[in-house]
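If you read the protein sequences in the order shown, they are chains A and B. So the mapping is simple: the working numbering equals the position in the first sequence, first residue as 1, plus 1369. So the mapping is simple: the working numbering equals the position in the second sequence, first residue as 1, plus 58.
Derived by calculation from the structure, the hints in this document are not laboratory data. Every residue, glycine too, gets a C-beta built ideally from N, C-alpha and C. Any given hint could turn out to be false.
With a Cα cut of at most 20 Å, we get these calculated DMTMM-like pairs of lysine to aspartate or glutamate [stated by the list, open to error]: (1) A/1589 <-> B/381; (2) B/321 <-> A/1520; (3) A/1575 <-> B/275; (4) B/191 <-> B/381.
Some chain B residues near chain A, calculated using beta-carbon distances under 10 Å [to be verified]: (5) 89; (6) 228; (7) 247; (8) 257; (9) 273; (10) 309; (11) 310; (12) 312; (13) 316; (14) 396.
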Amino acid sequence: MIKRIVLICTAVIIASVMCLTVFAKTPRVVDNAGLLTSSELRELQSLLDEISERHLVDVAVLTENGTGGFMSTREYAEYFFEQNYGYGDELDGVIFFVNMSEREWHIATSGYAITAITDYGLAEIEDETVGYLSAGQYYRAFEKYADMCDEFITSAKSGHIYDVYDEPSYGVRRRSIFSMSNVIISLVFGCIVSLITVSSMKSQLKTVRMQPNASAYERKNSFNVTNSRDIYLYRRVSKTPRPQDPPPQSRSFSGGSTTHMSSSGHSFGGRGGKF
Amino acid sequence: MIEYKCPCCGGAIEFSPTSQKLKCPYCDTEFETNTLIELSQSDSAQAQDDMTWSEPSKEVIPDDSGLLSFICNSCGGEIITDENTAATKCPYCSNPVVMTGRLSGALKPDYIIPFKLDKNAAMDALRRHVSNKRLLPKVFKDENHIKEIKGIYVPFWLFDAEADADVNYTATRVRAWSDTRFNYTETSYYSVARSASVGFERIPVDGSSKMPDDLMESLEPYDFTQAVDFNTAYLAGYLADKYDVSSDDSKQRANERIKSTTKQEIRNTVHGYATVIESGGSVRLKNSSLKYALYPVWHLTTDWNGQKYTFAMNGQTGKFVGDLPVDKSAYTKWLLGVAAIASAAAFAALTLFSLI
């Protein structure tokens, strides 16, 4: 009984602390560059809130028209994150910062997010989102980022950290539902099946053809092999080098996450670039 | 020229495929073929009053076109035929006539397979032939009209031969293995030689230039066990041609077929190799002989959209052949339709597979 009371009390305390922190914080989408419509903003906001609160890891998005000239894109992302987000002592969270003046992006990971979203995972996020950024489809980029963060963190919490040993399954699997390769494979398959079927229907119309041989007129049991000789002549051996395991990756990652210290001394992982 | 007349009523008599006898269409009396032969022979043997002055033969050549004319013994009408016609009908009185001169001596066939199926069977076969074909224009069935239906005895050369053949092949076997660094492929080369003999019986080659060779070969095979010694009585009521392609010209085709079958049979005895490529060889014929036979063919022609379509039925087995037109729009529809369904199914399967 005492145990149960203790448990309930602890739960209430944790919940209230969480509520306090949530309400105290800046929204998880700060769109200072005005890249999103108000409805997109609301939707993204609720999506990020849901993910963040479920995992107790902040997943945030920030856009700016410049960093004021004092900081690089990375430094600004890390600074803004440290000021506004992060669960617990380790500041568990991840931020996607888009700097429109430089057309640069940076994803900074902190605390548990460093563990869950490895360098390999960040590269996957880059593959999936930067195309959208370049195309001006910011909402889709952020949505994709949120989905992938959700999946990586969920996976990490269930004991599997998404890293180099994984096939790039996330992107492939999600894309494959409507991927061009599937469409093309299906179309080619369909065309072949169709050609075979319709050709067989067409061949029913053509019945006049020369006989290929005279097997129908062979006298029964008249076929006699009188001489049969198989002589071995020579052999050739060719060798090809085996592909070395593991199969080469297009980019090399040693696994895990690389980190650095921010100016304030907090440890961050991350990845960024131009779009 | 012979006409077979019913000894009972004097009507022109025809060979009936159903009873395999000569049957008078007027009084329904049936006769064994031999009875009529003997009768006609004894009739002709009887000395008749001969009060005629010497006249030119009844067979006259009117011009250089290769056409010949005969006088019908029944009605006196003029029957024009080409030089190869051996049996026909008088265009005036429809009495069947047989040009015996075209079927005697060196031109006398050795065998004949009598008609087993009649005209109605051929018409039924045509109806079946044009049904259940999805790409056949729908109106073809209703709009094509039988223009002509003929029961023809087509001349065939039958080739018998023993073929001796030697064939050489270059063959390979492939073995593959690997160690930690390399994959190895070992290809072993062999020289393979085979000698064999095989006998062929009665390979038919179309001896009539009027009949397309591919159409005639499509009707094969005929069951030669039902062939009988040639007798002109079987021709009564049908058309027949004598051969106009010589046996020498027909040999070529028989040789091709013998060669391909012999090589195929020998190839089937080469087992256990990854690749087998023929590198040389020869096929030699011995004890070759040939016979001349008449085979029964129902020949039908129809018209549709100003084009002529030819069909043929094996008069013995009922095998029916003839190329039919393709409905282009139906073809396109089916092609696209099946492609769409198959693509959609493949796409659904791939998607399901990737979701698992």
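Verification of the supplied hints:
{"no.": "1", "hint": "A/1589 <-> B/381", "verdict": "violated, 33 Å"}
{"no.": "2", "hint": "B/321 <-> A/1520", "verdict": "violated, 65 Å"}
{"no.": "3", "hint": "A/1575 <-> B/275", "verdict": "holds, 14 Å"}
{"no.": "4", "hint": "B/191 <-> B/381", "verdict": "holds, 12 Å"}
{"no.": "5", "hint": "89", "verdict": "violated, 35 Å"}
{"no.": "6", "hint": "228", "verdict": "holds, 8 Å"}
{"no.": "7", "hint": "247", "verdict": "holds, 4 Å"}
{"no.": "8", "hint": "257", "verdict": "holds, 4 Å"}
{"no.": "9", "hint": "273", "verdict": "holds, 5 Å"}
{"no.": "10", "hint": "309", "verdict": "violated, 13 Å"}
{"no.": "11", "hint": "310", "verdict": "violated, 13 Å"}
{"no.": "12", "hint": "312", "verdict": "holds, 8 Å"}
{"no.": "13", "hint": "316", "verdict": "holds, 6 Å"}
{"no.": "14", "hint": "396", "verdict": "holds, 4 Å"}
Hint compliance for this structure: hints 1, 2, 5, 10 and 11 are not met, and every other hint is.
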